[in-house]
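Asker: What follows is the residue order along each chain.
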Amino acid sequence: MKKKHNFYILIVLFISFSCSNTTELDEGLVDNFDRQQILENVTDNIILPAFEDFTQKIVQLEESLSLFTNTKNLVNLEEVQARWFEAYKIWQHIEMFNILKAEGVYFIQKMNTYPASVSKIENNISTGDYNLETNNNNWVAQGFPTLDYLLFGLKANNTSTLLFYQNIENIAYLNYLQAVVSQMVHITEIVSQDWIVSRDVFVSSSENSATSSLNMLTNDFIYYFEKGLRTNKFGIPAGVFSAKNARVGNVEAYYNSTKSKELSLEALKAVKGFFKGETYNSTGTGASLKSYVDYMTETNILSLAIITKFDESEQLINNLNDNFADQIITNNSLMINVFDKLQEGVILLKTDLLSVLSISVDYIDADGD
Amino acid sequence: MKIRITNYFKHQTNAAPLAVFRIFFGLLMFVSILRFCSKGWIHSLYIDPIFHFSYYGFEFVKPLGTFTYLLFLICGIAAFLVAIGYKYRLSILVFFLSFTYIELMDKTTYLNHYYFVSLVSFIMLFLPCSAQFSVDAISRKKSYKMVPNWTIDSLKLMLGIVYLYAGLTKINSDWLIKAMPLKLWLKSKYDFPFIGQTIMQQEWFHFFMSWGGMFYDLSIPFLLIFKKTRSFAFFLVVVFHIATRILFPIGMFPYIMILSTIIFFDAKVHLRILVCIERILQIFKIKTHALNKPIIQIEHYKVRKLSKFIILAFLLLQLLIPWRYLLYPGELFWNEQGYRFSWRVMLMEKKGNSVFKIVNSKTNSFFYVNNNDFLSDVQQKQMSFQPDMILEYGQYLGNHFKNQGHQNVAVYVESYVSLNGRLSQQFIDPSANLMDLKDTFKHKYWINPLKDEIKGF
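Taken in sequence, the protein lines are chains D and V. If you count by our numbering, then the first sequence holds residues 903 to 1271, one letter each, in order. If you count by our numbering, then the second sequence holds residues 176 to 632, one letter each, in order.
Hints should not be assumed to be uniformly reliable.
If we take Cβ atoms under 8 Å as the criterion, some of the chain D residues that face chain V in the derived model are [said to hold, decoys possible]:
| id | residue |
| --- | --- |
| 1 | Arg937 |
| 2 | Phe1143 |
| 3 | Ser1144 |
| 4 | Ala1145 |
| 5 | Leu1250 |
| 6 | Lys1252 |
| 7 | Thr1253 |
| 8 | Asp1254 |
| 9 | Ser1257 |
Hint data in this document are derived by calculation from the structure and do not stem from the laboratory. For every residue, glycine included, the Cβ atom is placed at its ideal position computed from N, Cα and C.
Start from the sequences and build out the full structure, keeping to the hints where you can.
Answerer: Structural data, given as structure tokens:
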């Protein structure tokens, strides 16, 4: 009996300091939902093809620009503009993956911080002294929004824009245009390559910890839905975050804002596709957050509720003017309606979904209250 | 009866359990403070945030800027001095005050086990924990062999209360009939070695753990009291707490409980532990005896009469406090009126989303607040589903924007919460202007009732 007591105390002290490491999973015994399949499906059928497509589009943009630089005519200018929009559309499928290399090189911030700062851009052009790579003050002077300004915002129409670039005195503008585009190509290739290289490691990290792939992906997805989609595309332009009135200038693609609706619909499509695990640009579905939620809740009530919010948001956006700037000026309440509907989605994602998945976020100790 | 009571309070016992308890408690607290610092939590929890959630009546307790580090330093040193028993009374007083101050600085970090530490250190203020085996004993050259038995029993009772209430609160329909929230938590720990993908996904296992946890908590105080079952009970304590440590991010709590329950063993065990500690100290050439003069062994330690009554009243209060929720209408898990300080541990998977709307009540123009501008992630997470925190933060926002020059400020909250796997529902009455409300001990009528019923404690 007496020996036993000492023995227990020893156990306590021993186990206490050696228990926190987890060992390998025994994979032979799997008889339940396999989370790695989500990672495989999302990576192989969504992320990688989307990046491939996007890289292609951004390279095409660069090619069209060099064509325009050589031969400055209206056809070539409009080709650059068209390539800009094509790439911007595919970008809507990329922005939610602020993860791995993308996070490290501030990919999202560099590609799509809007509104662009006209004064910063003009200043960079006139001084010629700028660093798009390291200086984060320049996030507002590069990427899609800056191209938006340089391609659509300098003059009232394409004829005047063409004349502007044909004028040799404005060569600095053309140079800046090129610098911004090559920077975009450069970081896109870095992030894109990294996805290919780290695919295997990423896909195998399916455990439930703050730094595992699945948890980061889920958190990023929800963050994008709330911030990138709800707040940036609707909330801020509609003015719901400021005491002053609506801020038309905050519309995505402001200088070519007839395209703003199409961009936001594309973003919603990407969100829906990710949640349901639909293959990028093709038919077919695989394991996804949706199937995982269904497994955890043993019904599809929650996942259907979430998809319904996506669909309802889509309908509301469809009813908007193609040009969000016009929509805000004529009837801002319709913009706010979309914001409210997206907010209903945020609630389901941040409370119900996160609850059910018990995604572990190890900020601090907790005792589950 | 009266004689029996007086006899009970006269009963003396060896002081070793108190010494062991003091050493383990002090060391664990010392390690806890070190761990807290090393994780960078002093900065992220107390220095970085611009707003802190206060406890009712303790609004004056706020982080001290850079001096917060000093506070932790003092607390850590005090814990160490408690462990070695140096100027014990002063050390434990400083520890109690500094630790409790730290806990009162921000409600966000409320944990039952921090509350437990505060309570235990309060009790220890009145116990002769440095009677034996302490620096004090060496320096005063007096060591006391015996102490009143009730001093040790008071700690046992405190531990018993914790387990018993933790068990009672598990008797509710979510926990026992739905195996919630354990079902969600266990299923989500699929990366747990060996059983994560198999047994832990099984429904029977979720129920087994829920019911097992309830029976464990309810029976463990009794199993620890009786000598026959004590060793087995301690074995259970070790297994249970290690298991929870591996499964859930509950920090130091399991170790605190494991080492605390050693107090239930009789003095012989504790004397042996003291011998072990002595040997360890000898390795480091630390002498546990005075150099020249031998320590005088005194038979009995006299504890002041008042201490006895304070402890008695205190423990009685502890028996009552967890029941205060009965004074409120509505669902306890939802309204959280009387939820804290009552050993309700691991009972809820509750998440919320609360968006605050600042309205000019004359023009009806409004804007939403970005919570990131004011709160840390942890604060947002906790605030989003706790009514008193929603109110406190809402009023802070209202005053903040008033001071910025906004007119006719009214604050509304669009708050949604999901509880134990239920679909989320609106939490706070969206038409309630938070600026018109007051945080009191009265029922918070502005919480929308839960559209479901949870039966039980």
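Asker: Could you run down the list of hints and mark each one as holding or not?
Answerer: Right, here's what the structure says about each hint:
1. Arg937: Interface hint status for Arg937(D): holds (7 Å vs cutoff 8 Å).
2. Phe1143: 6 Å, holds
3. Ser1144: Holds - the Cβ of Ser1144(D) comes within 8 Å of chain V, reaching about 6 Å at its closest.
4. Ala1145: 5 Å, holds
5. Leu1250: 7 Å, holds
6. Lys1252: Lys1252(D) check passes; min Cβ-Cβ to chain V is 5 Å, inside 8 Å.
7. Thr1253: Thr1253(D) check passes; min Cβ-Cβ to chain V is 4 Å, inside 8 Å.
8. Asp1254: Asp1254(D) check passes; min Cβ-Cβ to chain V is 5 Å, inside 8 Å.
9. Ser1257: 5 Å, holds
Against the hints set out earlier in the document, no violation occurs for any number.
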